[in-house]
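S.K.: Residue numbers (my numbering), protein chains in the order written: chain A, 1 to 310; chain B, 1 to 560; chain C, 1 to 334.
A hint or two may mislead.
To be verified - Here are the simulated lysine-lysine pairs, DSSO-like style, with alpha carbons at most 27 Å apart:
| hint | chain 1 | residue 1 | chain 2 | residue 2 |
| --- | --- | --- | --- | --- |
| 1 | A | K62 | B | K426 |
| 2 | B | K373 | B | K518 |
| 3 | B | K518 | B | K452 |
| 4 | B | K168 | B | K186 |
| 5 | B | K426 | B | K518 |
| 6 | A | K62 | B | K349 |
Hints were generated in silico from the structure; no laboratory data involved.
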Amino acid sequence: MTGPKLLSRRKADRIDELAQGGTSLAKDALRRMASNPVAILGACIIAAFVLLAIFAPLLAPKDPFIPYPELQAQLTPTNIPGPMPGFLLGSDQNGYDFFSRLLAGARQTLIVGVGATIIGVTIGMIIGGLAGAFGGWVDTVLMRFTDILLSIPSLLLAISIAALFASGNQWTVIIAVAMVCVPVFARLLRGSMIAQRSSDHVLAATALGVRRRTIVFRHMLPNSVGPVIVQATLTLATAIIDAAALSFLGLGDTDWRRAEWGLMLGNSQDLLSVKPELAFYPAIAIIIVALGFTLLGESMREALDPKNRR
Amino acid sequence: MLQLRMARTRRVALIGLAGALAVSVSACASERDDQGGGGGNEDTLVFGAAGEPKNFDPIFNDDGETFRPIRQMYETLITYKPGSAELEEGLATKWTPSDDGKTWTFELREGVKFHDGTDFNAEAVCFNFDRWHNMPGAAAQSQMIYYGDVFEGFAKNEGDAGGEPVYKSCEAPDPNTAVLHLNKAKGAFPDAFGLTSLSISSPKALQEYKADEVTQSGDSFSYPAYANEHPTGTGPYKFEKYDKAAGTITLVRNDDYWGEAAKLSRIIFRIIPDETSRKQELISGKIDGYDLPNPADYQALREAGNQVLVRPVFNILYLGINQKNTPELKDERVRKAIEYAINKEQLAKNKLPEGATPRDQFVPKETIGYTDKVEKHQYNPQRAKDLLAEAGATNLNLKFYVPTEVSRPYMPDPVELGGAIADNLKAVGINVELVQRPWNGGFKDDVQKAGKQDLHLLGWTGDYGDPGNFIGTFFGREKPEFGFDNPAIFSALSNADSQVDKAAKATEYEKAVVEISKYVPAVPLTSSPPAIVVGGNIQGVVPSPLTDERFAGVTKSQQG
Amino acid sequence: MLRFIVRRLLQAIPTLLVLSILVFAWLRSLPGGPASALLGDKATPEKIAELNAVLGLDQPIFVQYFKFLGRILTGDFGSSLISGDSVLAEIGRAFPATIELSLAALFLAIVFGIPLGYLAARFHGRFLDNATVVTTLVGVAVPVFFLGFLLKYVFAQQLAILPPSGRQDVLIDATRITGFATLDGLLTGELDATWDAMLHLLLPAIALASIPFAVIVRITRASVLDVTGEDFVRTAESKGLTAPVIRRRHVLRNALLPVSTTIGLQTGLLLAGAVLTEKVFVWGGVGSLLEQGIERRDYPRLQALILLAALVYVLVNLLVDISYAIIDPRVRVR
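Bound-form chain A, shown alone (with noise of 0.2 Å):
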């Protein structure tokens, strides 16, 4: 038994667990996940879903910010016009193009988790970074400022921040999203950069008076860059999850006319009993796209895992 533990520190744990990879581990496990099914499938829903996303103004049939007459005219709030000619899911309830906005929504759903998840990343790698190469009180204060964005449950967390703002945007989404990563990155590289310090080429170079700022950026921090990345693939999909709970709170991106999966799937879920697509298509999208990230993620993470390569 490891004695009672805080829950924050459970967390912080497994994260440091997880820090213990290293580059060359990373090359590794490159090679041991193009052999797994599970990664290729995972690799490949995204790499569709990151195609869409770039590639969607080209290949939605219509212009999914306008309305069109043709569907208007049949639109009412207990009618949304299906399938018709030209528009292959027929309409959405506001009288756009909703085959096109879902294409649409790729984009706006990956610009979301990719903003949030490099926000996240950025500002968790600084703060982790900052401590993990001084130590002593930097360390103490930035941790224990991390411990307690760490013990706050994420959803909560989120909910928290974006009801900060007076009112919902894009960016008060990606930012809501985005802090709840912060702790975890930030931990994760501070465990990383932390178990390196006492690491035999980094003692080496230390002895040979290489100066501290050369020994972070050229030694510690790209070898802690692996397990970051697992971690990031992990993110984007729980961000992405996130921000669709942010819309259905109505804490979301107030903008609908913004073609984004979560957004879509939060205004049209009281149209359930007049067109459930509306609702389902979106939900759909967004479960896949979440579990190629989640797939890639895990697999990635299993690859890495010491206690694999047995």
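Mind docking chains B and C on chain A? Use the hints.
M.R.: This is chains B and C only, laid out in the frame that chain A set:
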């Protein structure tokens, strides 16, 4: 009888439970349905409420969720005919104004008793009016929203904004006659006497339960025992309990009611804040009805055998124009162009519930002042473009404020409505920047106080059948919301309001309405009738334009 | 020891003070504010100004803060703008509902998660294992609120075999003792009330259990696989113990240690998921309070919820540290 039923239900369920482990969930659920389903007991109306009531003292409240139970427990001097905004006898059988409109004499109904057994009489009426007028404390006064609107001030104004009180005194020459003296005549009377806020409470209960003791509690207020646990009126239902943990309010039949006793012995209001859940609860027969169903659900609700009762419409949605920030908007042609650009017909059809109609004026058909002589600006994008070009406003950039986190009968989804209007304006070459603000989190401040917008979406539901309640409220004086100063309109409105003779009043209001339609201080858009939905086995709910539904006449047949 | 506890208590004070300032500053900086929420539809700028004066919201900001601090120090968190009721009383009433739901979800997740995880490991690499892994991955990818929506749509609306929302049928006039609807029925002998409460509990508990279930399955599986390869299991095999005995005595018992840690970790997640689930099923717990508070800008309620959550966090932290100090004397010196 009720007890017996419950006991039986329990025993059956117990027997069921004994063998329950083997019995499938669905089998048991349907067994329960036979016992208590179909909205439950046929002698109880279970009505879904969208939110919790604040308290039960009519004078301190202004929202529909609170008024719904209050309307079953309380009565007003004058009431409205079921299903209309016309006046009808309430606790008063006759009301007559003096020639100058400053004195109102009420002949009161005899043999009426409050729920606590005390008599309703002229003294009780005067006690209520005096209580309102002499209400102590800024906290209490600030929450008497309707009273403050109608009577303008208190004996001792303790807040900052109170004005000269309209109320002067009340006398009771005999038990069945109450005479109300006012400091000035007001067009709002006699209709305003029917406001639910001005319901008559039992003087004994008011005193016993310290009804006036409203105290500040943090950033909010806490209310005395009268408002929370002992509301005492004269209505067909009596307060039984408010179970806050379960979110239910239970009212029971008042067997000593002066008129025809209520048909059902019990009403339970069940608070269900989630729209979809209200619908599913009704369809599964767990509740007997709820208010303001989502327009998108009308069809599904009907297909499931429910009655969607559409109310006569008594509201207006408008596109506000603020002339202060953008000089081009001071030009009448630009404002008219905006009206020409908007396809109200399509807006009503696409985004508003059935029965929604485009509007060309701010006064509803049901009140005086409505006229066909208004200047009309029907959808004509070409004309809009021409007018804009004529006014030299070809590159117009407008900030369009739209509220979020709010749903009102006149705007079920303001954000989507705003988007559709913005699409219309863009089509004639006006650049629109949509600014979204939460209703309680900045929209009202920004729009009505600071006037930051060029355009905004807002609406109004009438409180009583007087046009002053609509256009008087909007355009009666200079306001940051519209940012214009037009003495002609202001004086036309105040002139109309001060007319005591009804015919003269109608004529004056018609003039004002025409004047407004030519000036286009804002664009009247649509009226959308709110609905109320009840199960197929519920009879006797009469939808009211004022949402003033009384459930005393409601009956429930066995579903089957 | 006493000095350690006092020192830790004193250390907690600045944290809470800073937090109270943050919460206060946040709520005051939001546009709108209590006045417009209290006045509702008929709010005019004049009335809002008047009400602000009544509420003391026109006073200097630091005066407001000290008044606010004074109030919360005496345990007065004010009244909700929505219900006019004391915020603390509201939270007290809602708490059992949330606990009941979370426990039910945890129960489902454990009762189904551990056996499935174990079976997956036992049939490692076979169809059951692969199917389980895929199911749990999908389980994590489905948004909780969407799952709740689907469950409600299918079981409450289309099949109409389970109640769509709420904790109990209102026509069952159940006696309330503890606030736990299922428990009260047992205590008072109103078994139909308990049965009804359990039917109401089923769908939300399933929705809420989805993620903890997936996590527990995966951890159990991984842990069982780990343990199976350990020396002591091999030793047991070589001793000639039968497979069922090894599984029961050695594998399962040792594999459950990390699982129990994970279950602890899931508790926080459950509370977060409860916000979404409670909204979907109109559960009326703390999550519903929070969600309604956000939706209708009930500042006093949000304020109380945040500060109380922080207080609980600080206290739990303190308790853990103290228990560490008891177990390990070295901590006291640090």
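S.K.: Given the hinted pair K373/B and K518/B, is their alpha-carbon gap at most 27 Å?
M.R.: holds, 11 Å
S.K.: Hinted pair, alpha-carbon criterion (27 Å max): K518/B, K452/B. Please report holds or violated.
M.R.: It holds: about 25 Å lies between the C-alpha atoms, which stays within 27 Å.
S.K.: Would you check the hint for K168/B and K186/B, treating anything up to 27 Å between C-alpha atoms as holding?
M.R.: With Cα atoms ~13 Å apart, K168/B and K186/B stay inside 27 Å; holds.
S.K.: For K62/A and K349/B, compute the direct alpha-carbon distance and say whether it is at most 27 Å.
M.R.: Between K62/A and K349/B the Cα gap is close to 23 Å, so the pair holds against 27 Å.
S.K.: Given the hint that K426/B pairs with K518/B, does the C-alpha gap stay at or below 27 Å?
M.R.: holds, 24 Å
S.K.: Can you confirm whether the C-alpha distance between K62/A and K426/B stays at or below 27 Å?
M.R.: Within the cut-off at roughly 19 Å; holds.
Going down the numbered hints, you'll see the structure goes against none, and every one checks out.
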